[in-house]
Amino acid sequence: MSVFLSNAVIAFLLAEFVLLVLMSISLFYVVRIVRSWDYNALTSLQYSLEKQNYLVNTILLFSVCTKIVLFIFFALCLNELSDIVPGAMCSAGVIGSNKFGGILMLTKILLIFGLGIWLVINKLDLQALNFPYLKKKYAIFICLFVMILVELGIEISFFYNIPLKVPVFCCSVTFQAPKLPFGYTNFGLVSAFFVLFFVILALNFLKQSMASFVANLLFLVLSYYAITYFFGLYVYEQPNHKCPYCMLRSDYFYVGYLIWGSLFLGVFYGLMPYLVEIITKTSYSHKLKFSSIWLSVCVLICSLYVLKYYLLRGFLF
1 MSVFLSNAVI AFLLAEFVLL VLMSISLFYV VRIVRSWDYN ALTSLQYSLE
51 KQNYLVNTIL LFSVCTKIVL FIFFALCLNE LSDIVPGAMC SAGVIGSNKF
101 GGILMLTKIL LIFGLGIWLV INKLDLQALN FPYLKKKYAI FICLFVMILV
151 ELGIEISFFY NIPLKVPVFC CSVTFQAPKL PFGYTNFGLV SAFFVLFFVI
201 LALNFLKQSM ASFVANLLFL VLSYYAITYF FGLYVYEQPN HKCPYCMLRS
251 DYFYVGYLIW GSLFLGVFYG LMPYLVEIIT KTSYSHKLKF SSIWLSVCVL
301 ICSLYVLKYY LLRGFLF
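Residue numbers (the UniProt record's numbering): 1 to 317.
I should point out that these hints are in silico values taken from the structure, not numbers from a laboratory. Just so you know, these numbers come straight off a predicted model, no measurement behind them. If a hint is listed, it holds; no wrong ones were tucked in.
With a straight-line cut-off of 27 Å between C-alpha atoms, the simulated DSS-like cross-links for lysine-lysine are:
| hint | residue 1 | residue 2 |
| --- | --- | --- |
| 1 | K135 | K281 |
| 2 | K136 | K289 |
| 3 | K135 | K287 |
| 4 | K108 | K135 |
| 5 | K123 | K108 |
| 6 | K108 | K136 |
| 7 | K108 | K289 |
| 8 | K136 | K123 |
Make the full structure from the sequences, and use the hints.
Below, the structure is given as structure tokens:
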């Protein structure tokens with residue numbers, strides 16, 4: 001038996017392949033556009049390139065948005081595989097079943113952020129009259145295309161190497177040992193989490209895009225540990241259940257999608273303005289307010305689970 005017999009895996013890889021074909025077609029025209037583009041030229045070639053540019057933008061906009069949606073489908077696919085992989089109780093067991101899982105997840109997260117940046121640059125380019133960021137956005141696309149090729153290779157290797165006869169470790173083993181960074185205790189971890197959250201709110205209010213960029217990077221790492229090793233305990237209502245993936249399951253009403261989704265959106269809007277300013281040389285700090293909104297949603301949900309448990313039980317873990 002192979003995981004490639006799973007309908008979810010086949011559908012996922014087929015969708016990935018179709019998107020790769022669309023992006024490959026776009027890449028052919030992108031190279032031609034970048035090499036010959038001259039907005040001030042009044043030639044038939046330039047007129048043809050402008051028409052091709054609109055076509056390519058339409059294809060890429062569809063492909064990029066679909067690629068982001070496929071990240072959610074990938075998470076659902078892992079949940080389905082956890083039912084057929086021996087020893088796996090959730091996505092953690094599937095991801096950790098071979099050496100490609102962790103690399104694949106990291107690659108996908110980096111790609112999601114990169115594709116999000118591309119969408120912003122593309123929007124700004126289309127809003128301007130003379131396409132000032134055309135070559136820059138296509139240079140970014142070429143880099144992302146290479147990453148997508150690498151990602152597809154890792155995906156195939158990951159799915160091919162998932163063992164179906166040998167039991168794998170799951171979250172009860174993978175996240176059981178204390179793995180908090182810098183010797184943090186739970187109290188220190190949660191304290192740092194809230195302090196950094198309020199620092200980010202202040203930086204976003206002051207529109208300090210570079211400082212917010214650094215703070216959000218730190219917050220992303222810190223939040224992973226805080227949600228996995230502290231807030232997650234109150235989502236599961238079990239003191240020894242440490243897992244970032246189980247909350248994505250129906251047993252917990254899929255609340256993990258809201259927690260992790262709001263965190264990633266908040267961090268994205270915290271990182272994006274500084275990167276856009278570097279690329280476009282124009283201020284984009286007004287978007288930092290969305291970082292504050294989404295991070296507040298994440299922190300509020302996590303805090304409500306802790307408060308709910310305390311009010312019902314009268315103590316905390």
